[in-house]
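Engineer: Position chain E against the provided structure of chain L, taking the given hints into account.
Protein chains: 2
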Amino acid sequence: MQLRFARRISKTKKSFVREIFKFLGDPEMISFSGGFPNPNSFPVDGIKEAAIKVLEADGANALQYSSSEGYLPLRQYISKRYQKRFGLEVDPSEILICNGSQQAFDLIAKVFLEVNDTVVIEYPAYLGALQSFGFYEPSYKEVKLTSSGLDLKQLEEALKDNPKLMYVVPNFQNPTGLSYSAENRLAIAELLKKTDTILIEDDPYGELRFKGVDNKPIKMLLDEQTIMLGSFSKIVSPGMRMGWLVAKKDIMDKLVMAKQASDLHSNYFTQRILTQYLLDNDIDEHIKKIKVMYLSQREAMLSSIKKYFDPSIITTEPEGGMFLWATLPEGISSMSLFQEAVNEKIVYVPGDPFYVNGEGINTLRLNYTNSTKEEIDIGIQRLAKVFNKAIKKTNSR
Amino acid sequence: MQLRFARRISKTKKSFVREIFKFLGDPEMISFSGGFPNPNSFPVDGIKEAAIKVLEADGANALQYSSSEGYLPLRQYISKRYQKRFGLEVDPSEILICNGSQQAFDLIAKVFLEVNDTVVIEYPAYLGALQSFGFYEPSYKEVKLTSSGLDLKQLEEALKDNPKLMYVVPNFQNPTGLSYSAENRLAIAELLKKTDTILIEDDPYGELRFKGVDNKPIKMLLDEQTIMLGSFSKIVSPGMRMGWLVAKKDIMDKLVMAKQASDLHSNYFTQRILTQYLLDNDIDEHIKKIKVMYLSQREAMLSSIKKYFDPSIITTEPEGGMFLWATLPEGISSMSLFQEAVNEKIVYVPGDPFYVNGEGINTLRLNYTNSTKEEIDIGIQRLAKVFNKAIKKTNSR
Chain L
1 MQLRFARRIS KTKKSFVREI FKFLGDPEMI SFSGGFPNPN SFPVDGIKEA
51 AIKVLEADGA NALQYSSSEG YLPLRQYISK RYQKRFGLEV DPSEILICNG
101 SQQAFDLIAK VFLEVNDTVV IEYPAYLGAL QSFGFYEPSY KEVKLTSSGL
151 DLKQLEEALK DNPKLMYVVP NFQNPTGLSY SAENRLAIAE LLKKTDTILI
201 EDDPYGELRF KGVDNKPIKM LLDEQTIMLG SFSKIVSPGM RMGWLVAKKD
251 IMDKLVMAKQ ASDLHSNYFT QRILTQYLLD NDIDEHIKKI KVMYLSQREA
301 MLSSIKKYFD PSIITTEPEG GMFLWATLPE GISSMSLFQE AVNEKIVYVP
351 GDPFYVNGEG INTLRLNYTN STKEEIDIGI QRLAKVFNKA IKKTNSR
Chain E
1 MQLRFARRIS KTKKSFVREI FKFLGDPEMI SFSGGFPNPN SFPVDGIKEA
51 AIKVLEADGA NALQYSSSEG YLPLRQYISK RYQKRFGLEV DPSEILICNG
101 SQQAFDLIAK VFLEVNDTVV IEYPAYLGAL QSFGFYEPSY KEVKLTSSGL
151 DLKQLEEALK DNPKLMYVVP NFQNPTGLSY SAENRLAIAE LLKKTDTILI
201 EDDPYGELRF KGVDNKPIKM LLDEQTIMLG SFSKIVSPGM RMGWLVAKKD
251 IMDKLVMAKQ ASDLHSNYFT QRILTQYLLD NDIDEHIKKI KVMYLSQREA
301 MLSSIKKYFD PSIITTEPEG GMFLWATLPE GISSMSLFQE AVNEKIVYVP
351 GDPFYVNGEG INTLRLNYTN STKEEIDIGI QRLAKVFNKA IKKTNSR
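So the sequence lines, in the order shown, correspond to chains L and E.
Take the first sequence: its position 278, counted from the start at 1, is 278 in the numbering used here, and no numbers get skipped.
Take the second sequence: its position 178, counted from the start at 1, is 178 in the numbering used here, and no numbers get skipped.
Simulated from the structure, these hints should not be mistaken for laboratory data.
Because the structure is a prediction, the values reported are computed rather than measured.
Certain hints may be false.
Since copy identity is lost for identical chains, a pair holds within one copy or between any two.
Said to hold, decoys possible - Calculated pairs, DSS-like style, for lysine-lysine (alpha carbon to alpha carbon, straight line, at most 30 Å):
(1) Lys22 with Lys141
(2) Lys53 with Lys289
(3) Lys289 with Lys48
(4) Lys144 with Lys48
(5) Lys153 with Lys216
In isolation and in its complexed conformation, chain L is listed as follows (with noise of 0.2 Å):
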């Protein structure tokens, strides 16, 4: 028999983040690798709580079918924290339940995307995002990410041909943790609306904030064409696949369909649950915690780098999120490099599979809330001892 695979997987590369997963079995192994939370942050006795509460009060009703939509009262909780953190108006009829934001991406791209359509992404731009879009095998066009946000005069250029889609993540950008300016925002706002394009803007870590001031969505100034995402998986858990999205009826109309027929409706059992813990704690006092906790591996983990890293090596300092996002000098490579880190037992994801067109080989990306401070100064340590010795090699030549 003869295996006949559609044109769009075979373009589709296997996630480097997945072939990191088999080192990970090692116990000595340190890894900097994948995004996960600090597991000391996931609200167990609470969700405990309120699974007992779920099963004893609406058992049944809470192990049927539900809406494709999603659950309500989990919707309007949405609704009333965007109203509560940025006084944004969302009816709960314009957010869709989805498995984390990353089904988000595949909703969307199948609701729009046609192959060779063209999708405007950030440089470097989060790989989980590019995997699903490339299965409807749309063209990306880069636009470089500064310390301010967007290149604009990168995205003017590339806004010229009205691409279907744009895709951002302004606050602690994965990979590199970097966030958009207020004044930068809102020149992208004005850039767009000459468009019909899209905005699709990803929100999985704007909450963990832990200094400086928020910056309000671009969804505020560019209402009708952004598609916004938001995941619980960064301050509640990310096992539960809890995400969501918010678009206008029209779009919303379509993403409902696609939603459908992906797979009915996300879980309801642990949409009950989720909001039951939701409605019964302070949200804000328990990612409160959570922030302390990531504030204190930042630091651990960018003391440890002043501390052992080369001098030529620059990393970003964000303000907030999950990540560190590292540039070796010109030429080294740290996808080279990765086996022989991963001999010394530290792991990380090479810059690459952020880039679309094979750059970006000196960068990589350091996740520090899923290891502890003597963890972060050890990995740190190793690491230090695979780029060092390289940077020393490549002067010397």
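Structural biologist: Coordinates of chain E only, in the frame set by chain L:
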């Protein structure tokens, strides 16, 4: 701003079953429309015990990210169950956990289908699968479903051009309730062996046989070429969205990539709770109770039909599962009578959405698992009023 959706979505029709949901808010409405299990069958206490156990013993891990393939002990459980039920050997690595079988349709289509590729389907066919495949814009070839399985002449004809996929529900098919005989399965496997066609063998109801004897899966006759689907929706809980697919390694590799791009992995929190429930309870005992329930609901529906329906209305008498299939006299459209039925406070699913070419207008699907015996009797009386009147009118023309 101009909205520019992809062509695939403009071809997608709104689901009629979703439209029916609107009427279910009326407390006097009796519904034979959905494929909802009887909520009395849900093991609420067992799930509660399992949730407490998992969260107390390993809560932080249960709330963390996990692997795209699914929780290994859950896949091992499924593997052992195939061994026990049929002597079928399935390695856990050949099992992928999905959000119900519905997501399996999407993943398989994503991995195999190009625009206009042929999918062989039953006539009539399960509309959820049609909806999911529809996004990938295939052509369909329909093969008539008889009381013992597929019409083999039509199947031979349909396989002539070596179609990419074939989708069947051999046990208590949705919508008809019909099952394939052992001979029919053998003949299907023989015909498929001469092709490169991948068989999708969907089995959401196979465990719910209350009469007759089980037939072995077609997969056992056509191992390499079959993707088998299964689900906990009908034996534990549909709200959990826990299903799986079984595929050989080469196919599985691609499906895992599609799964990862779609939503990273299925809800791990629920996988853990479900597994704990399955390990701590005797699922066979539980299924036995469901079968007693469904048999008595089926009997109630068939006996009310005999009492009230005009004898020109023919129904199937399934040996398991959740549905009866009714055929009105030639020329009477169940869709045209739908509004009249709503006025009488009874809803069903007209046959039309189960056919891709707008046929089967005189057929309808009746679900008996989500109504009490009293509701079934009243509902059938209401339906009889509508249908018998239409038949009388036609006869007197």
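Engineer: Give a verdict on every hint.
Structural biologist: Now the hints, each set against the structure:
When the C-alpha separation of Lys22 and Lys141 is checked against a cutoff of 30 Å, the pair qualifies neither within a copy, at 32 Å, nor between copies, at 43 Å. Taking CA atoms no more than 30 Å apart as the test, Lys53 paired with Lys289 passes in both settings, with 25 Å inside one copy and 26 Å between copies. Taking CA atoms no more than 30 Å apart as the test, Lys289 paired with Lys48 passes in both settings, with 19 Å inside one copy and 28 Å between copies. In this homomeric assembly, Lys144 and Lys48 never come within 30 Å of each other (Cα to Cα): the closest approach is 44 Å inside a single copy and 50 Å across copies.
Proximity of Lys153 and Lys216 under a CA criterion of 30 Å is satisfied intra-copy only: 22 Å inside one chain copy versus 64 Å between copies.
When each numbered hint is compared with the structure, violations occur for hints 1, 4.
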